[in-house]
Amino acid sequence: MTIRDAGSTVLDCEPVELTEIVRRALESLRAEAAIDAESISLAPESTPVLVGNGRFIAEAVQALLAQAAQRSRATGPIRVLVALDTGDAVFTLRSARGSIFPQAMGPLGGSDGSADACRLSIVQGLVAKQGGTLTLFDAADATAEVVLRFPLGAAPDSAPCRSETAPRVLIVEDNDDNRETLERLLEIWGYRVDTAADGHAGLHAALAELPDIAIIDVGLPGLDGHQIARELRAAPGGTNVFLIALTGYSGRDEELRAYNAGFDVHVVKPVDADDLASLLARVSRTPAG
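Note that this note's numbering has the sequence shown beginning at 566, numbered continuously upward.
One or more hints might be untrue.
[To be verified] Okay, the calculated beta carbon distance ranges per label pair:
1. 814 - 596: 42 to 48 Å
2. 840 - 701: 18 to 24 Å
3. 774 - 595: 38 to 44 Å
4. 742 - 582: 31 to 37 Å
5. 804 - 843: 52 to 58 Å
6. 698 - 661: 22 to 28 Å
7. 698 - 833: 27 to 33 Å
Bear in mind the hints are in silico, worked out from the structure with no lab data behind them. Keep in mind it's a predicted model, so treat the numbers as computed, not measured. Yeah, the Cβ is synthetic: ideal placement off N, Cα and C, and Gly gets one too.
With the hints as constraints, model all of the structure from the sequences given.
Next comes the structure, spelled out in structure tokens:
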């Protein structure tokens, strides 16, 4: 079975047995000694089969189970339930006490809550591409649940892949976690993504093949973000690139400095994933998320 995304990329879909995906993910975590036999247990109520992209569904499940493994010492044993409910395949993480995502509302790239928020943004993007939903029933001192629901049939607008005709985005960011998280989010949203970890590599990548959009951290080793913007604007075709300055500093002076260097937008860390998705969608005229 195939489904087609807005960028005309055709994706093969297949029957996916959700219980088996969960079982394999748990086995993988146990093999890595990330969890022990008592911390997370699987209690399948049924073995629902849905139509979708198995790799992306498995990635969403794996991410949630990895988070549960990290939190199991604080929450106590976590049960994993797989069930059928009104035409949906349902995956549930349930803790008897304590939050599974204690800082889930934190924005992307922030402190403390950023890791939880980033994981959830990635999982939500993967699930949405399958026509599914992610819901938190999270409490600090009570029963907490994380619930994924997938329709049994493929969503007609599913597109868990990147389109070769989608806008190309270059991310220049020296922080590995921030760069990798942004890269994964943008790929889920359907963009083609290239990355660089320092200023010189970022400028080289931009000049080698001009991106449609460049997200550039201002404080980079080597060339800083302002230098990259100036060099890029002076290059043939460089005025056509939409430049986003990513910085930890706010204030009118910082904004003016970014605009004077050639940036179109000044974005202060921590980045809100929804705001970034909306900005990229407006710039590229491509729905994100």
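Item to check | CB-CB spacing for residue 701 and residue 840 relative to the 18 to 24 Å hint | outcome: holds, 20 Å
Checklist entry - Does the Cβ distance between residue 814 and residue 596 fall inside 42 to 48 Å? => result holds, 44 Å
Checklist entry - So does residue 774 sit 38 to 44 Å from residue 595, Cβ to Cβ? => result Since residue 774 and residue 595 have Cβ atoms about 43 Å apart, the given range 38 to 44 Å holds.
Checklist entry - Do residue 698 and residue 661 keep their Cβ atoms within the hinted range of 22 to 28 Å? => result For residue 698 and residue 661 the Cβ distance comes to about 24 Å; the hint holds.
Item to check | Range agreement (Cβ of residue 582 with Cβ of residue 742, hint 31 to 37 Å) | outcome: Holds, at about 33 Å.
Item to check | Satisfaction of the hinted span 27 to 33 Å by the C-beta atoms belonging to residue 698 and residue 833 | outcome: About 30 Å separates the Cβ atoms of residue 698 and residue 833, which means 27 to 33 Å holds.
Item to check | Cβ distance range 52 to 58 Å for residue 804 and residue 843, holds or violated | outcome: violated, 24 Å
The structure is inconsistent with hint 5 alone, although it conforms to all the rest.
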